[in-house]
Amino acid sequence: MTAGADTRIGPYLELFAGRGAGSEPLGTRRQQAIERFEEAGFPTPRDEEWRQTNLGPILRARPVPASGRVLGEGSALPFLYPGCDRMVFVNGRYAPAASSPPQGVTAFSLADPAGAGSELLAEHLGASVDGRASCSADAGVHPFAALNTALFEDGAAIGIPAGTALERPIQVLWLSAPSADAAAGDNGAPGSIEVSFPRLLVVAGENSQASVIETFAAADPAAGGYFVCPAAEFVCAAGSVVRHTRLQADAVGAFHLGFQHARLDRAAAFDSSSLAFGGALVRNDTVALLDGEGADCTLDGLYVLAGSQFTGNHMRVEHRQPHTTSHQLYKGVLDGQARSVFNGRIYVHQAAQKTDAKQTNRNLLLSKAALANSNPQLEIFADDVRCTHGSTIGRLDEDALFYLRARGIGFEEAHGMLVHAFAREVTDKATFEPLRRDLEARLFASLNGVRSNGRGG
Amino acid sequence: MLRVRDLHARVEQQEILKGVDLEVKAGEVHAVMGPNGSGKSTLAQVLAGKEDYEVTAGSLELEGEDLQEMAPEERAHAGLFLAFQYPVEIPGVGNSYFLKAAVNANRKARGESELDAMDFLKLLRERATLVDVDEALLRRPVNDGFSGGEKKRNEILQMAVLEPRLAVLDETDSGLDIDALKTVAAGVNALRAENRAFVVITHYQRLLNYIVPDHVHVLLDGRIVRSGGSELAHELEEKGYAGFDGARAGA
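Chains Z and X supply the protein sequences, listed in that same order. If you count the first sequence from 1, you need to add 35 to reach my numbering. If you count the second sequence from 1, you need to add 2 to reach my numbering.
Rather than coming from a laboratory, the hints here were simulated on the basis of the structure. Every value quoted in this text rests on a predicted model; they were computed, and no experiment measured them. One should not assume that every hint holds.
[As the list claims (entries may be wrong)] Here chain X is said to cover these stretches of chain Z; the calculated rule only asks that three of the stretch's residues, wherever they fall, bring their Cβ under 8 Å from a Cβ of chain X:
hint	region
1	61 to 69
2	457 to 469
[Claimed, not checked] Label-pair ranges, simulated between beta-carbon atoms:
hint	chain 1	residue 1	chain 2	residue 2	range
3	Z	ASP391	X	ASP146	22 to 28 Å
4	X	ASP146	Z	LYS403	26 to 32 Å
5	X	ARG112	Z	GLY342	33 to 39 Å
Ideal Cβ positions, reconstructed from N, Cα and C, are used throughout, including at glycine.
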């Protein structure tokens with residue numbers, strides 16, 4: 036396996052060679068990133084954070100850049116919410132015709148040469164992977180974040196000026212539309228996959244407020260054979276309040292390895308919800324650095340999986356300053372032979388006295404063959420802190436099911452009610468009404484899928 | 003209305019009911035009394051169709067229909083209602099949402115049109131008043147964080163809304179203080195009707211001061227050892243169940 040490492044990264048190095056590092060200020064960072072990636076290589080089962088993720092299906096396929104397709108404006112419509120400003124990307128590239136960027140803030144496409152001189156980029160882009168704002172040393176470089184930094188074609192940069200409170204959410208839609216001839220073939224048979232590297236940078240100035248909704252979706256829900264490898268960076272200045280929703284509704288055959296990184300300054304609040312419904316092989320790696328006194332971070336998530344879907348959520352929250360708080364609530368519903376991993380790491384530095392951290396991961400298994408892994412890890416180096424974690428993996432409450440049925444509610448409906456009741460603790464947190472309704476609809480659609488697939492396993 | 007014949011049932015290989023006979027006619031209230039472990043709750047659960055219990059012999063009929071052939075929800079559609087001894091907490095499911103789903107599932111199964119939100123709310127308010135349930139309970143998740151008394155009242159409210167033909171009350175009095183007991187009993191009495199029957203399962207005679215039964219049955223070790231009128235409950239109160247061992251021995 037060790038000898039194979041070179042051949043596995045080769046095709047990605049070729050992608051980089053094909054496009055080059057490009058112009059400054061990003062050229063140097065891209066070059067550094069590809070070197071870091073080359074040095075680290077793809078993770079192996081020996082890497083603790085990747086032990087339970089089988090990257091085989093991705094690494095066996097030959098990556099080709101996603102085609103720069105221009106789609107009709109209508110193809111994005113089903114995924115867009117009313118009442119939002121929006122930036123739409125197709126296969127990782129900006130689609131200006133479908134977009135209406137917010138006014139009064141900085142918002143541009145990373146491929147737009149006009150943005151190249153922007154202070155936002157110079158100061159913040161790539162800080163999460165080049166050591167300027169990375170995790171503690173033991174975490175190392177995130178291979179796919181490095182890969183994204185080296186290879187992203189385009190993306191969104193959003194800067195909210197100090198003191199500005201945006202009333203409308205900003206929706207960033209990442210639409211994948213693989214060309215018809217790209218297909219990974221049956222379950223890992225060597226073929227090609229179209230790969231895109233969406234990149235998002237959000238910089239919230241002091242005392243600003245904004246809500247950003249990221250939507251990952253496929254123009255054709257039945258599409259397979261694509262690989263989306265996004266990276267998002269959030270910089271939350273003192274006193275800022277940033278809400279973030281990450282809806283992952285990729286095609287069921289898609290691969291998705293995402294990285295998101297938030298840095299919070301004094302009294303900043305970052306509240307991020309991750310809702311995962313799609314994809315065959317999905318990772319969502321989140322790093323939150325609580326870098327200022329009183330910073331407050333909320334990370335919620337829901338994954339609803341069936342068939343042979345795999346989703347891993349890997350969290351790392353670092354409390355670096357006193358009086359910082361973090362709350363995590365991740366819930367999973369698994370049917371069929373679906374598998375999930377929750378790796379939640381809370382790291383409390385010595386300086387971070389009075390830290391208040393809570394982490395909860397609850398999993399509901401609907402079939403005998405479904406499997407959920409839950410690994411909470413607390414590393415605490417301060418002595419005056421409150422840290423709790425809880426993790427459960429269970430089945431539907433048979434007594435509750437009987438209770439509902441004894442009142443005349445049929446099995447299917449009772450089953451759906453209980454699963455919905457379990458999941459809504461997360462979906463109910465969406466305060467933006469169109470988003471909440473969409474999440475409800477997706478949840479019900481997934482549950483219907485679960486039901487029509489039959490129960491038990 | 004209800005006809006139970008020589009009912010034998012077991013759970014995990016242990017026989018609990020060893021030949022129960024019970025016949026309940028429309029308009030009647032029957033009390034089934036017995037000590038812990040006599041099989042009272044098993045009888046209730048078997049009637050409602052809990053899958054953990056296996057009927058090994060005998061028959062169960064509601065209005066001439068074989069209950070054993072019916073899923074729990076079908077039994078409800080046929081007019082059976084069980085007030086649970088331990089109502090289940092269901093966080094995340096709103097109480098009134100649940101009740102509306104239940105009412106409409108029953109209506110649909112009976113070929114009636116479903117109630118819309120307005121009509122349902124009207125029904126719910128009316129019945130909540132009838133059985134003296136605070137409307138605040140309706141806005142909370144089903145039984146979630148309810149006190150013991152609130153849970154039992156919620157059972158009675160569900161019964162009032164669902165209008166069953168046969169209601170089985172499984173130790174609805176247990177854990178209630180005297181005021182709650184009176185409220186629950188008043189709710190039951192308000193629902194007594196010529197075409198409706200009740201089976202009140204209880205350990206103690208106290209509830210029967212407020213819900214006066216037409217018939218009392220003593221259940222001991224999986225069998226009904228004596229049946230009589232409401233005076234039998236008072237006899238039990240005086241003598242205790244020990245006095246009935248002889249009756250069983252002689253039976």
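Hint check results:
1. 61 to 69: Coverage by chain X is violated here, the residue count being 0 at a Cβ distance below 8 Å.
2. 457 to 469: Answer holds; 3 residues pass the 8 Å Cβ test.
3. Z:ASP391 <-> X:ASP146: 22 to 28 Å: The hint (22 to 28 Å, Cβ to Cβ) holds, given that ASP391 of chain Z and ASP146 of chain X are roughly 26 Å apart.
4. X:ASP146 <-> Z:LYS403: 26 to 32 Å: Cβ of ASP146 of chain X to Cβ of LYS403 of chain Z: about 28 Å, so the range 26 to 32 Å holds.
5. X:ARG112 <-> Z:GLY342: 33 to 39 Å: holds, 37 Å
When each numbered hint is compared with the structure, a violation occurs for hint 1 only.
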